[in-house]
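These protein sequences, in sequence, are chains C and S.
Take the numbering used here: the last position of the first sequence gets the number 476, and nothing is skipped along the way.
Take the numbering used here: the last position of the second sequence gets the number 541, and nothing is skipped along the way.
Heads up, a few of these hints could be off.
[To be verified] Short derived list, chain C residues pointing at chain S, Cβ under 8 Å: (1) His52; (2) Thr93; (3) Gly114.
[To be verified] Okay, the calculated bits of chain S under chain C, using three or more residues with CB under 8 Å as the criterion: (4) 107-121; (5) 181-188; (6) 308-322; (7) 522-531.
No lab work stands behind these hints, which were simulated from the structure alone.
If you're wondering where the values come from, they're calculated on a predicted model, not measured in any experiment.
Cβ coordinates follow ideal geometry from the N, Cα and C atoms, glycine included.
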Amino acid sequence: MSDDGLNLLRDLDYSILQQCMHCGMCLPTCPTYDATLNERSSPRGRIALMRAIADGELEAGVTFAEEMYFCLGCLACQTACPAGVDYAALFESARAEVERQGLLDGTVRNFVRRWILGWLFAKQTRLRAVARLLRAFQRSGLQTLARHSGLLRLLPFGLGNLEPLAPQISPRFTDQLYRRDLQQANPPAPRYRVALLAGCVQDISFAEVNADTICVLQHNGCQVLLPDGQACCGSLHAHNGAVEQAQQQARLNIDAFDTENLDAIVVNAGGCGLHCKHYDRLLADDPAYAKRAAVWSAKVKDVHEWLADIGLRQPRAAMPPQQVAYHESCHLKHGQRASAAPREVLQAVPNLQLVPLAEADWCCGSAGIYNITQPELSMQLLDRKMAHVCATGATAVATGNTGCAIQLQYGVRRAQAAVDVIHPVSLLAAAYRAENQGGTQCSTLA
Amino acid sequence: MDHAALISDLGTFLRPDQLLTSDEDCSVYAFDGTALLHQRPACVALPESREEISQLLVLCNQRGVPVVPRGSGTGLAGGSVPSQGGVALCLVRLNQILELDSANLVIVVQPGVLTQQIADAAQAAGLFYPPDPGSIKISTIGGNVANNSGGLRGLKYGVTRDYVMGLEVVLADGQVLETGNKCVKDVAGFTLKDLFIGSEGMLGVITKITLKLVPAPASKKTLLGLYDEMTQAAATVSAIIAQKIIPCTLEFLDRTTIECVEAHAGIGLPTDCEAVLLMEVDGHPAQVAEQAAQIEAIAREGGARSVRLAASDAEAQQLAAARRTAFSALARLAPTVVLEDVTVPRSELAAMVAYVQEVGQRHQVQVGTFGHFGDGNLHPTFLCDERDTEEMARVEKAMAEVFDHAVELGGTITGEHGVGLAKKPYLPGQLGPVGLEILKRVKTAFDPKGILNPGNMFD
């Protein structure tokens, strides 16, 4: 134990730990237990470790710390748990305690954490600036050169291994698309007034998904706002034990959105949506923000969930037939319990056949930055996922989370498969646009 | 006991990933699915072959080190809680299905295969492995055999014992015993395999299991009956049996349990009735249709508020799956859930259920009850907080009275979970001095030094 007498696991509401009655129902759903058959790498085992630390029977050491980072945080155990254990809360507290005690401290790790969590993802303007540089690199032909020349291997800390995982940077970011094409396409007499959380990586690499989301919402009677000053939702920080930084990100977003006057805050990435729904818990002890955070959390909706709530309008256009498999984002399925709604969105697309995907809700190995921190298991999970995707014969795999999309895109390249990775909302947007050729609403994106 | 020397010896034939010794590892193998029981082993062994198990037992037998076998650690009586300072022998890596023999309707498996995997393999071959304990998705077959596990289909299809045809067992001294085979008839000597079924890891370590499979039923129907009084549900069960109908499943949940299960599963179970009966008949389609109609009529006559037929296989499966989560779902209501397993002759069911309710009220303990009405197996579950010693004392008293009453009614203290550590104090009352003495002699015959799960079941 650290000498300051503090212990975040001990301070945690003990009843959450006690809620686990170690029945073991979670074990078969846990990818790390499946891979190791080692109790320590199961949800039940991890909770037992946390409880032993909270009880003072075990000291939090490196083994504990590494185990907490071996967990994907996929939350499949939460779906399986009949007792309703709030594993997400336990997992975040455990990682926060690992960081507070500095159990994994190291020069490189600390440096990377400080710059990535503390600087790069703290303000979206910074991420965009870096993304513009990366985009120039990707367009210049230098990327191809670097890949072929083996120069990437010369980068320090194995950073060269990360390059293939880096997504393509979008030609325009969300705000540019919004101002150019989308803002004026808001319906004149909207039924709802909503705002989009554009995200961090989503904003710079999947800006077209954000545009598609706006388009779909507009076609369903929503006036869509894109508040300035919004930032990374902070899930990256919270899942990596940086609670204070996560709180800061939450405050930035709460300040940026006129929450009181919105019907919903729409999020199109499963992981971000889940985290945003937890702002209330994150800021519960902040007197200046607790109330606003509660209002915020109540209004956060995953885009599929929101469309199901308001009643999705069936597109009228005739679309070419296509077979699509649906990969469930863990945090959408297990965290937000949204499993039917994304499928409803897909099935609303004319002529789209939703083909069954085996183990659709088994983690793809993306898990935030797991593909960077635990590449070995991450790639095993990805290969398993891609084998199932390829077995469907579908021409596209749809998924509602940025991390999954990046991972699956990489999986497609690794498996040399002819499969598109696409957001369900993008398929729906295409159907709305097809019925609206030449119209004014959310025209085709350049 | 010299742990360092033991671990060093075990390390001569187990790789580091097969021999776990850290504080972290030992603390996560210190318990099973039972509340309140923790005993930390000195190390955890994860063997991958019979030979490794044999070597390990030779060594521990020489040194007199306790060994407690376990699978996924879902035991509900503490039978797989390791001995303090002993070896936790975890068999999950022996997880291969060795043979599915359709000509003889048997499947041969290693002990770490999950029960669900056996059910799935049988189904893929058009066959059926009926025993389905609540933890079927994660329980290992080795654990099922060692506890003679039951499940939701005991009434018609029996329990694990009824499907075990042969076993390979490593004895305490490392020798390998083979008992039973693929033959339907076999009376060559005592039926030793039966001794290992339900032996709770005290007589040997099971390393291979030959299981009987049966043809899959051609059809099934699932009915859900809702009652305003528990006694009406119990009477319905008695009437079904009296009419000589043997459904494959006759499960019940009381109101407390229904509320918890619905909170987890969210499948639209009514939360405003006092009892739910889940009834399933299977077999030839014509017979199934007739029996389902008969059961529906009996349930209505018995006072059911409503009786509904599951609309699809998917819905039926959803209902059964939800029922299987009952025990764990009850943990939503209290930090500690103490699950019991008393079983009475079916004619005494209504009396026993009423008694459990009365005991709960008298000792001011919250009890949720569910279980297998069709075979008389009840699971009264005491909802409490282990940190409240005064409350725990009341729970102890209530439990003891429930056990005593079950025995008085001609029942048993445990129908399918085993004695383990949790029910050990109540075993003498159940068996009497002669019965207990014979158990001890059997134990000594197989394990003279008493290294296998010592202190379990009896001293």
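Cut-off 8 Å, beta-carbon criterion: hint that glycine 114 (chain C) touches chain S: This interface hint holds because 5 Å falls under the 8 Å limit.
Interface hint for threonine 93 (chain C), Cβ within 8 Å of any Cβ on chain S: holds, 5 Å
Per-stretch coverage check for the stretch 181-188 of chain S, three Cβ contacts closer than 8 Å to chain C: That given contact is violated, which follows from only 0 residues of the stretch 181-188 of chain S lying within Cβ reach (below 8 Å) of chain C.
Outcome, coverage of the stretch 107-121 of chain S by chain C - at least 3 residues whose beta-carbon is closer than 8 Å to one in that chain: holds (count 9)
Supplied contact hint for histidine 52 (chain C), tested at 8 Å Cβ to chain S: holds, 6 Å
Cβ contact check, 8 Å cutoff: the stretch 522-531 of chain S against chain C, three residues minimum: violated (count 0)
Assertion that chain C covers the stretch 308-322 of chain S - criterion: three or more residues, beta-carbon distance below 8 Å: Coverage by chain C is violated for the stretch 308-322 of chain S (0 residues, Cβ < 8 Å).
Taken one by one, the earlier hints fail for this structure at numbers 5, 6 and 7, listed in ascending order.
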